Amino acid sequence: MIISLTSKSDDNLRVTRSGAVTLSADETYALVKVPMNAFILGVWLHKTTAFDAADEGTSGTLTLGFIGNGEDADVDYFMSDETVDSDATGIVTHDGGKHFSAAGGYITITRTINDSTVSPVVQVFVAYTVIS
Amino acid sequence: MVNVLANRAADNFRLMRSGKITLSADETYAAVKVPKKAFVVGVWLEVLTAFDDQDNDGSLTVGFTGNNEDADPDYFMADAVSLPLVTGMKEVTKGKWFGDASGLITLTSVANDSVVAPVVRVWVMYSVIH
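The listed protein sequences derive, respectively, from chains A and B. So this note's numbering is basically just the index in the first sequence, starting at one, shifted up by 46. So this note's numbering is basically just the index in the second sequence, starting at one, shifted up by 117.
Only chain B is shown next, with the shape it has when bound in the complex (with noise of 0.2 Å):
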């Protein structure tokens, strides 16, 4: 057996919870600020007020920029995952270090047609790790 093992833990973990954004026009919204070193070990989106998307050619993706990377709009949720047609929470476990830098956890809309403005709220689970 070859020994690798790891002498890095923590026991540190915080769940961020974002505001309840409107998403009033297509763009990039940075909704959780994760810190240097921050492992991301889950994301919820809660949509409460769904796209009423009128050609349903839009879409609503999860992602982060920082890092020193450039940004993934949908790292977190593919619009598949995210659902914005649909109101509810939806959930992944997809992890991320943000070992580099700090970051933002951002909601991206693209061509969305809603007559109505989509409301969703973020929440973030994540521990500092060195």
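With the rest of the complex left out, here is chain A (with noise of 0.2 Å):
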């Protein structure tokens, strides 16, 4: 075996929880900031509001990424359309798995060709240790 242990840790955690947001329009919202050395433990997603009837059988989707990092934006990187199941409510998660080594950095949601007649409803909650 060889041998090729770390001694990098650390025992910090955060929570953070975003408002809840309306999603009015096609766009990437910005939800919840996140500092430099930022690893992401656990991305949850609650629909309060979901897209109704009249998106089904459309294009639109709704997906979950993040901005920054000195990388160009990922808008699905957490949770694609297909895990983010935007025509239900309810809670989705994902396991995180992203570091912000390089610079801070937003969890964004994006929504595109979005036909439902309301607007979705949603609040984020991101968990994250600082760790260099």
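Looking from chain A toward chain B, a few residues come up when the C-beta cut is under 8 Å (computed): (1) Met47; (2) Ile48; (3) Leu51; (4) Thr52; (5) Lys54; (6) Ser55; (7) Asp56; (8) Phe85; (9) Asp141; (10) Gly143; (11) Lys144; (12) Thr175; (13) Ile177.
Derived contacts from chain B toward chain A, CB cut-off under 8 Å, selection only: (14) Asn129; (15) Arg131; (16) Thr145; (17) Ala148; (18) Thr210; (19) Met242.
Cβ pair distances, simulated, as ranges: (20) Ser70(A) / Asp196(B): 43 to 49 Å; (21) Lys137(B) / Asp98(A): 46 to 52 Å; (22) Ser147(A) / Ala127(B): 26 to 32 Å; (23) Ala66(A) / Pro152(B): 37 to 43 Å.
I should point out that these hints are in silico values taken from the structure, not numbers from a laboratory. Keep in mind the model is a prediction, meaning the values are calculated, not measured. Backbone N, C-alpha and C define an ideal beta-carbon position, used for all residues, glycine too.
Grab the two chains, each in its own frame, and use the hints to assemble them into the complex.
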């Protein structure tokens, strides 16, 4: 066995909760700011008002991603439209796994081509540890 | 109702980050040490340089040794989850309690014919609970 043990660890934890955000237009919404060196442990999306039936069968999408860390934005890094399941209310989860090692950033939700007659309302919870 | 409520709880947790590990040989690599009574709640594997396994028969798995058990090299991630041919972050939430003894989170490379040595990093989150 090759020993390549680490001494890097941290025991801080922060859970950040967004407000209840009404997605009234096809846009990217910055929901939660995360600092440099944050490692995302988990992301939960609570859909309190879903897309309505008017959007069914169309190409509308809702995805959860990030911007920042000196990278190109990745609008569906955490959740694809299939995972978000925007036609249903409830909570969907992702097990995280993103290190903002180069710079801070934002957790984002992106709405595209949505024909829903009611605006969806969502809330995001993000858990992270700052570890350099 | 049968009362079997737990009175054991802990509010500590620790996130461990390995260094960048170059998998230069087919070996088992000890990446992260976990103490006795640690309950592992999450493991992430970050593939920084992917395998370019020439005949595509190699594997990379994440497992453990210790806890007075036989080593289990793919307990946390089978090759189908670690996907070493693809860069990026892979995660698993499978739990493991090191109730008997401490242990090591391991990476095991098998039959890798890559001409460039893969580079990976491991993240492990645990809580110590008695």
